[in-house]
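Note that the protein sequences, when read in sequence, are chains X and W. Numbering-wise (this note's numbering), the first sequence opens with residue 14 and increments by one. Numbering-wise (this note's numbering), the second sequence opens with residue 5 and increments by one.
It cannot be assumed that every hint is accurate.
Below, simulated PhoX-like cross-link-like pairs (lysine-lysine); rule was C-alpha separation at most 25 Å, straight line [as the list claims (entries may be wrong)]:
#, chain 1, residue 1, chain 2, residue 2
1, W, K72, X, K15
2, X, K143, W, K32
3, X, K143, W, K117
Bear in mind the hints are in silico, worked out from the structure with no lab data behind them.
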Amino acid sequence: MKINQDKCIGCGNCTYVCPMGAIFVNPRTGRSTINRDECVECYACYNGLSAENLPPGVARLARKIFSLLALRFEPEPDICPTSAFEPDELVWPRVVRRAFSDPRVPHESTGVLGRGTEEVKTNELTNRIKIGEVGVTIEFGRPGVGARFREIQEMSRALARANVTFEENNPVATLMSNVAAGDIREDILDEKVLSAILEIGIPVHRLEEVIRIVQDVERRISTTVILGVAVRCDENGEDQIVMPILNRLGYDPMRAKTNLGLGRINLRPFSMFEAQPKMGAKPEALSDA
Amino acid sequence: MTNTLHRFGSAESFSDDIIVFALPALGKSGQEDALPVLRRFLQIAVEYGPCNMGDARNGGALRSTRFKNFFAHWFKRNKPDFQQVLRTMTKSTTMSVVFDNLPAAQAFIKRIKDEDLGISVNVSTSLANASRCCEYAGLVRHSMNYSLGFGSMGDKLPGQHAVMLSTMCGHGMISHSFAKKMIDFVKEGRRSPEDAAASLQRFCSCGIFNKSRACRILEDARIGASESINS
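Please put together the full structure from these sequences, using the hints given.
The following block contains the structure:
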């Protein structure tokens, strides 16, 4: 991402919206500037800020006059008043930053928007996680910290030493030079991303061991780590096995993504514009819910 | 993709935060042309009064704008536009709907079950809410993905209210600084919680931001009410 210095009026709105805090108003030029080493190419500034088209010269003059009168020109906090952000042509290895940071860019490896795979979200069709197995998602850099691949490699190597197998379609795994050793390509190790996820599938009896490895590595790296643990429920829709293990390890999960098991091999056939929504109609079902 | 999973807050703070999303299984025969089914999923959702909905590729019900007109600044609207989501969906991807009340979410899930769309549907909320949804709809949970929370992060994170707001975009598009700025604006009386929440919502790129919960958090932050965090 770059900021057109001819358009920027230095209002500072963008300095707040950067998830990495990588934008600052340069006191020498009075224009917003991006710290390129910290920028993860997430495009939050470009996509999130509404772009308006005030003439930069007029806006600067207004700011100067207001300033002389000890008043402040203050645009709405979620706009760039002069549309100063311009996407940059990204080349390897910097392009990796965007692939892991901008959620609107699908990974070539997965075809899924975002930083992971379908996990158990389509498990009733894919059978990715079976009874007696757990899927563990180890997410780095969230919220708002960011991660470099060198730190992620610390974790992937530790897990590989324990003979843990990585989900092969996971975006980080596709960037490994040696999957068995957990080595990530040398040329991207210093690249920073908003977040990245390692995904593994293990038998339930190895869950405690794996979580302890993750906890140990987490203490040595400077980024943040969040864990997700995916399970296949029993025939009654319950999980009697994994939750007790998590409780024993000191976790008390309160939130989960629950797959309702509604997927079928064949989708119900629809034409694209069949059945228009009834706007404002209160459905009958709501009255007894 | 764990964008809806790791939200900061206590179980109570998720009482008005229920995300239901649908997606096709990639590469599975019979799931290829899912766009009409996903469209139907969102059309049905509109009937049940969601507080947000979105398409992972094209955005949520309240998006940033690209105005060329100099005067457009004065005509910006802060109302979610569900029809825009339906109009602009172009490819089969994850479609999400956010509810701020359990009865509506329960009724919606029951309807989706009855419609038998054949697409995978997940609900992301507290374990208790998910249980109640399944019970109401007569569904048996197939799989679950637990969030183990943010417990080990300690003082790496800024104030709790700002984190609760920023983690409502699991893709990390809402910065802590901006969430804090909006809290300060509300505290100073420069913005209403609704306007501040709308500004935040525009940054969420897939429509999973819960504006009702955000307003509640901003109100709590305004008066300095502390949230009991047990994550």
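Now for the hints, and whether the structure bears them out:
no.	hint	verdict
1	W:K72 - X:K15	holds (20 Å)
2	X:K143 - W:K32	holds (18 Å)
3	X:K143 - W:K117	holds (23 Å)
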